[in-house]
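Colleague: Using the sequences plus the hints, can you model the full thing?
In the order they appear, the protein sequences are chains W and B. Using numbering that gives the first Met the number 0, the final residue of the first sequence is 99, and nothing's skipped along the way. Using numbering that gives the first Met the number 0, the final residue of the second sequence is 187, and nothing's skipped along the way.
Just so you know, these hints were derived from the structure itself, not from any lab. Model, not experiment: these values are computed from the prediction. There's no promise every hint is true.
[Stated by the list, open to error] In silico DSSO-like pairs for lysine-lysine, Cα to Cα no more than 30 angstroms straight-line: (1) W:Lys17 - B:Lys68; (2) W:Lys62 - B:Lys101; (3) W:Lys62 - B:Lys68; (4) B:Lys68 - B:Lys177.
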Amino acid sequence: MASAGFAPITHTQRIELKAIPSGQGLEFVEAELFLRPEIPFAIIFYSDNGIRQEDGMRMDLDKQIFLDHFEDQAREDIATAAAPAILDQIFDFFETHPPL
Amino acid sequence: MPMFFKGAGRGTFWHLRDARADGFLPQSLMLDSTLDRMMQHVARGSVHSPYVSLSRSFPVARAYALAGKQRPTAKTPAWVYEIELSEGMILELLDPLVEIAKSLPSPWDRLSYQHDGPPEYLASVLSMKWNRRSLRAPIPQPPPGIGTPRPPNLSLQLETMARAMRDAEVLVFGSIPKECVKARYAVY
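Modeller: Okay, structure coming up:
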C-alpha cells in the first residue's frame, strides 16, 4: 500500500529523563518528543533489568496517561508512579522550546 | 455511509494484527456500556473497556499512528485504517458528547460541569504541551479577592468532552466486522 504522501517526521527530539521513580527492574531513561503541535504524544523509553527496550511506551500529554500498559500489576504501579515526574520533565522542555 | 479512521502505531496491537483480516474487537467485550465506563475510556484510557475508539478525522488517526512504540519508516510504516459503518449493523455507534450531554446537570444546579477559569482555560485543557502553566495558575476570585488559591474546576464530564472533541472521537460498542475495514494506509 502506498504512503499517504505526507512528509516524514523530522521534528522530534529525545531528552534524557533524570531521577524518575523506578523499581521492579524498570528504569525510564529517555523521552522522544514531537515538536510539531499536531502530535500530542511522547514515546517513553525504558530499560528492563538494565537492558534497553526497543519498544517505548506511548504517553498522551493532554490526558497525562500512558497509552500502553504492563500486564504485571507491580510494574504497572511503577509506571503509574513514574508518570508525573516524566510529565514534569517533558513540560519543562516544552516551556523553553516553542512549537515549530 | 459514514467513514471513520483508526491509527495503529508501530508495535501496537492493531499494527501487529491486521484488522482487514480480523476486524476490531474491544479489550473487554463482555462489559456493559455505561456513561462512567465511556468517560473512563475517553478521558483516562481505561484498558477495561467495551468500546473501540474511531475518529472522524484522518489527521487525528495519523497522529496516533505516527506516535507508535517505535518510529515508523518507509520500510516499516505505521497504519491508518479506513472503516465504513452503516446503520442496521449489529453494533452501537456512540458519540461521547451526545451521551454526556444527556447527563449534564441543570444550570440551576449548584454543581456544574463547567469550568470557572479564565477564557483561555479550555484551550489549555485541549492542548497541554505548551499550556501547563496556565492550567495550574490560581484563578482570580471575585471581590474581595481572597480565599484559598486553587486552579479552575475541571469536571470529568468537561474533560471527557474536550478529549473526545480533540480526537473527533466516536465509540463503537461491540466489535467491528472485517468487512467494514475498507483500507489500510501506510504513514511515516
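Colleague: Has the given pair, Lys62 of chain W with Lys101 of chain B, been kept, meaning a C-alpha gap of at most 30 angstroms?
Modeller: holds (23 angstroms)
Colleague: Next pair to validate is Lys62 of chain W with Lys68 of chain B; report whether the Cα-Cα distance is within 30 angstroms.
Modeller: OK: Lys62 of chain W and Lys68 of chain B at ~18 angstroms, within 30 angstroms.
Colleague: Given the hinted pair Lys68 of chain B and Lys177 of chain B, is their Cα-Cα distance within 30 angstroms?
Modeller: holds (25 angstroms)
Colleague: Between Lys17 of chain W and Lys68 of chain B, is the straight-line Cα distance small enough, at 30 angstroms or below?
Modeller: holds (21 angstroms)
Going through the hint list in order, the structure satisfies each hint without exception.
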